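Residue numbers (UniProt numbering), protein chains in the order written: chain R, 1 to 331; chain E, 1 to 331; chain H, 1 to 331; chain X, 1 to 331.
In case anyone wonders, no lab produced these hints; they're calculated from the structure. Among these hints, one or two may not hold up.
No copy labels: a pair is met if it fits in one copy or bridges any two.
[As the list claims (entries may be wrong)] Mimicking DSS-like on lysine-lysine, the simulated pairs with C-alpha atoms at most 27 Å apart in a straight line are:
1. K279 x K136
2. K116 x K233
3. K144 x K116
4. K136 x K292
5. K237 x K181
6. K181 x K136
7. K55 x K116
8. K136 x K237
9. K34 x K120
10. K119 x K292
11. K144 x K71
12. K34 x K181
13. K144 x K233
14. K279 x K117
15. K34 x K279
16. K90 x K237
All values reported here derive from a predicted model rather than from experimental measurement.
Protein chains: 4
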Amino acid sequence: MISQVHLTRLKLYKDKRIKHYSDLGISIRSMASKTQVGFVGLGNMGNPMAKNLIKHGYPVIASDVFPESCKELQELGAQILDSPADVADKADRIITMLPSSPNVIDVYTGPNGILKKVKKGSLLIDSSTIDPAVSKDMAVAAEKLGAVFMDAPVSGGVGAATSGKLTFMVGGPEEEFNAAKELLSCMGANVVYCGQVGTGQAAKICNNMLLAIGMIGTAETMNLGIRLGLDPKLLAKILNMSSGRCWSSDTYNPVPGVMEGVPSANNYQGGFGTTLMAKDLGLAQYTATNTKTPVPLGSLAHQIYRMMCARGYASKDFSSVFQFLREEEGQ
Amino acid sequence: MISQVHLTRLKLYKDKRIKHYSDLGISIRSMASKTQVGFVGLGNMGNPMAKNLIKHGYPVIASDVFPESCKELQELGAQILDSPADVADKADRIITMLPSSPNVIDVYTGPNGILKKVKKGSLLIDSSTIDPAVSKDMAVAAEKLGAVFMDAPVSGGVGAATSGKLTFMVGGPEEEFNAAKELLSCMGANVVYCGQVGTGQAAKICNNMLLAIGMIGTAETMNLGIRLGLDPKLLAKILNMSSGRCWSSDTYNPVPGVMEGVPSANNYQGGFGTTLMAKDLGLAQYTATNTKTPVPLGSLAHQIYRMMCARGYASKDFSSVFQFLREEEGQ
Amino acid sequence: MISQVHLTRLKLYKDKRIKHYSDLGISIRSMASKTQVGFVGLGNMGNPMAKNLIKHGYPVIASDVFPESCKELQELGAQILDSPADVADKADRIITMLPSSPNVIDVYTGPNGILKKVKKGSLLIDSSTIDPAVSKDMAVAAEKLGAVFMDAPVSGGVGAATSGKLTFMVGGPEEEFNAAKELLSCMGANVVYCGQVGTGQAAKICNNMLLAIGMIGTAETMNLGIRLGLDPKLLAKILNMSSGRCWSSDTYNPVPGVMEGVPSANNYQGGFGTTLMAKDLGLAQYTATNTKTPVPLGSLAHQIYRMMCARGYASKDFSSVFQFLREEEGQ
Amino acid sequence: MISQVHLTRLKLYKDKRIKHYSDLGISIRSMASKTQVGFVGLGNMGNPMAKNLIKHGYPVIASDVFPESCKELQELGAQILDSPADVADKADRIITMLPSSPNVIDVYTGPNGILKKVKKGSLLIDSSTIDPAVSKDMAVAAEKLGAVFMDAPVSGGVGAATSGKLTFMVGGPEEEFNAAKELLSCMGANVVYCGQVGTGQAAKICNNMLLAIGMIGTAETMNLGIRLGLDPKLLAKILNMSSGRCWSSDTYNPVPGVMEGVPSANNYQGGFGTTLMAKDLGLAQYTATNTKTPVPLGSLAHQIYRMMCARGYASKDFSSVFQFLREEEGQ
């Protein structure tokens, strides 16, 4: 079903585009995509993402609470404004990339937030990883003002953001998906439609919860096998041809010496930090509690990553759980 | 290093074979393989396994505590004897397939056990799933009598046993592996060498522990995603192209309607029963305790399957954990 | 340190009281306590609590979203108003008793909320069990308007509320504690000061988390002992004279036949429902996640009560976990 | 029901005693108790226990695999023999105190074991903490030889052993309990009859499992409360007057500064070591698996103590789990 907001928005888009480009004999679609795009949140992830938009020819209007974060982008030609509200005043397509739910609430609904000056028909895409309930709230608030809010959290780290190889999991009205995909494709290799607003977050949270379970499971299984006399490489090979196989065993094995080019081969440097995993598992736990869903292993995985943060593993890759579980010498 | 026992055994084999076949101009290897093979334990698994040996031309000498279990095999030409000791008296290659550690101890070291009459140089292959420490004990006891004991537990159920598609994970002296493989290949599609005696058990236990973790993790993740508004098929697709991917999500999905031809599509009938999984997890728990290995998720998985057995899921496929975790009221 | 708000409030109180009562030769303290008290939230708990206030001679001004909840109180002489704001307009001491955090936020900060018309110097006491962070937010909002907010969640159910035997755990400015205690003593047998605002909630959450852990632990321990051949009464006696002793083993034993007058002696009817325990554990989980505190057993206890809700135990007493863990016949 | 073995034994006892003492006009009971007592296993616990027997006037005949362990006792007048069999040859009441199940099996049924030379009517009391199934096996083996085996594990450490304040939990034929109690009372303050053989072990295992759960629960609850702003002493006080109360919160609080005279007040030195707790939890896990009893919290407690052993807490008191769970960074 196409919502009233969407119809209004479609009409506005069409009118504007026709007015601008129709008598130039240029494809509305391709030209339209080159109108300016707002970007709020220029952190480790947002910065390379915004650069990729510029690289694809989009004029970018950006804002960040830390002015120094904007310098690099400014040098590339981006226009830097004081607040999200100001960005919304100038751009009708805005992407946000923020650390957590409270930041998203503030950037959208705060005193200088996007919704203060959002134009009717605007498309607002939030790539932060947050509580899906907050995504839904933002969507409702945006809809009241005639705008569309979509959640589009990413899978992949700073490397994938830089090389434009992120995966976007997108939630929101299906009829808006193509408009979102146009922009997101500049920054990612995969753009997956997940369903109504909030399901992008849900998909990401679910994936990371299962990832954490698989990783800890792989770590304790490999450790047990080694203790029982199995060669780790051989054990990994056997698991990977059997029903124990998972991404953590065959692509990102946590045992040093089993694979190359993964954090376990480099003292657990780089990769996806334990703190970040603990944050995502906290989000999974929170949504599970709110929906009264039993998640026994997800919950224990959360606790183990919490304990690891408390024992000095906060900044190591999350596969360092193998090291955490291994008995020390002399015991 | 080749053990003294092995050298003795090799010599005996060779002498015997040369005496029998050398002047016939026949390949010792292929003919040798057609000497009789002992088989102890003709249960749901042992029966079809022994049949496959007969099918491949091996004369089988069998024994089981339940005489009626032997009938079918007898009709196929197998010779049925009263006790494991009697089998050992006639055959120098014996395969055992028994329910648990105490049975194995009894069949090998009991008053009518194999070791009472085992011949020097015999090859004893145990395909039961048991405590690897028991496998090691049996190997030591066999070695004292000049015989070789190998553990070779299987992956795959009655179906795979019938069609000869089992996977064998083999532990024991490497120089005996080919001799074992010759027989095991008649009953399985994969025969994997895992290392010293007991590592076959270790590999199986490890695989099944990680499998259980992956299955429960997949079940709770899918359930959470559905509660958060995701379509189960779409969620499975997203997980399977992401880092949450595992065998339970992409090959044996526990959510009805996501895949065909799996137990979840058939009310969790068939497949691998919850009781059997609980048994294997108990074994994993036991070996982990003995080796002082922390296995937090494996341990919780064990408890969950224990609770399921207590709540009426004993005979359902282990993927029914999805059903167990799903809320009843209002569904 | 006494805050500015408090000083203002103290002065207002004093002025008002002197003006009203000083020349009557009556103790300001005891008379002051008989001015009207507001009460918002007349549910299962709020209703008997408000009655106890009336019983102690306090004129009550009440409000509830469901008008029918107010009838009984109205017959006892309470004045019923349309909204929390109206209550705040008439009473400068208000008690609230609501189901969850969002209700508290709405009743205090909503369009018809208490803070819309709260008077300077008012004392606002919230007895709901909610997230301590919300309590803190309410306190900050109240302080801006010159009022004092305290959290005072209760321990004890409808029975204790009716008989005036609740325990109140109170958080807020220490210098306000006596004023709060004056009212709370009419409804409870124990009024404990816990520290700054939010610590009342914290104390309650902590107690209930440890209670849940102790209860499940007692249930699984008793079950294991029985399986190992111990008489349940004897086992309880041994535990209670040893280091395994806890409230769940010596006061509220979950095994039928061990104690009288507890829910386990009455098919787990009455007592503290599994749903309510799951709610409190969800709150514990939430605050633990927010403060990055590892709570491995608390977290697993939460999951077990979640699973129980999903398996038909929602309305049974939380000690029914013993029944949940016990194996069914025929397994 | 009095077993045949017991009747035989009673008769032998009676005959012997009458022959020796009846015409001396001395109470059979008190004199009988002064005949020699065997003791096998003179480790940290066994040594002070045997000394207390000597202190009470019993001639002790002892044996240990490490001759140096016997010196001290020898100086006190004990007779030291080479093997358990030799001890059984001379004494018809024997106490054993050994580290684990395999040691018990060896000391009783090994080539130089007690049962090789045990006399009819002997009373064999094992105070080791072991698998109750092994206790039952020993009892069956002893019964075949006309002897009685009882399990009597202790609660209390080296201090209690030295001061004779141990608690004994005794399993075995009820009609033998008084005879056992006569000896055990010399070494302990409490001697509790638990039921058939193995139930002494069961009671000890159950108590320690619930103790571990209560301790970890208390540690995580106290930690959460502190993070939420509660004073630890106040929180302990609140818990101890509420339903969260347990031995670990009111008698052995794990938070430094809350109580005096407990390991948490002394950097977790002394007390009951994490390794020992992990061993007992392993035993609990093992018996739970064998009896198919779900013990979710007991199992997780086991894993946590395993992880602690792996992270450097092996020799600290088991209440150091508070320290283990507390976050390092920023503390």
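Okay, the hints, checked on the actual structure:
1. K279 x K136: Both: 20 Å inside a copy, 23 Å across copies.
2. K116 x K233: For K116 and K233, the Cα distance exceeds 27 Å both inside one copy (57 Å) and across copies (39 Å).
3. K144 x K116: both (12 Å within a copy, 25 Å between copies)
4. K136 x K292: For K136 and K292, both the intra-copy (18 Å) and inter-copy (26 Å) Cα distances are at most 27 Å.
5. K237 x K181: Cα proximity of K237 and K181: across copies only (19 Å, versus 38 Å in one copy).
6. K181 x K136: within (20 Å within a copy, 42 Å between copies)
7. K55 x K116: Neither: 29 Å inside a copy, 51 Å across copies.
8. K136 x K237: Between copies, since 23 Å is at most 27 Å while 44 Å is not.
9. K34 x K120: within (19 Å within a copy, 56 Å between copies)
10. K119 x K292: Answer is neither: 37 Å inside a copy and 39 Å across each miss the 27 Å cutoff.
11. K144 x K71: neither (34 Å within a copy, 38 Å between copies)
12. K34 x K181: within (14 Å within a copy, 66 Å between copies)
13. K144 x K233: Classified as neither: same-chain Cα gap 57 Å, cross-chain 32 Å, threshold 27 Å.
14. K279 x K117: Neither, since 32 Å and 39 Å both go past 27 Å.
15. K34 x K279: For K34 and K279, neither the intra-copy (36 Å) nor the inter-copy (50 Å) Cα distance is at most 27 Å.
16. K90 x K237: Neither: 55 Å inside a chain and 38 Å across chains, both beyond 27 Å.
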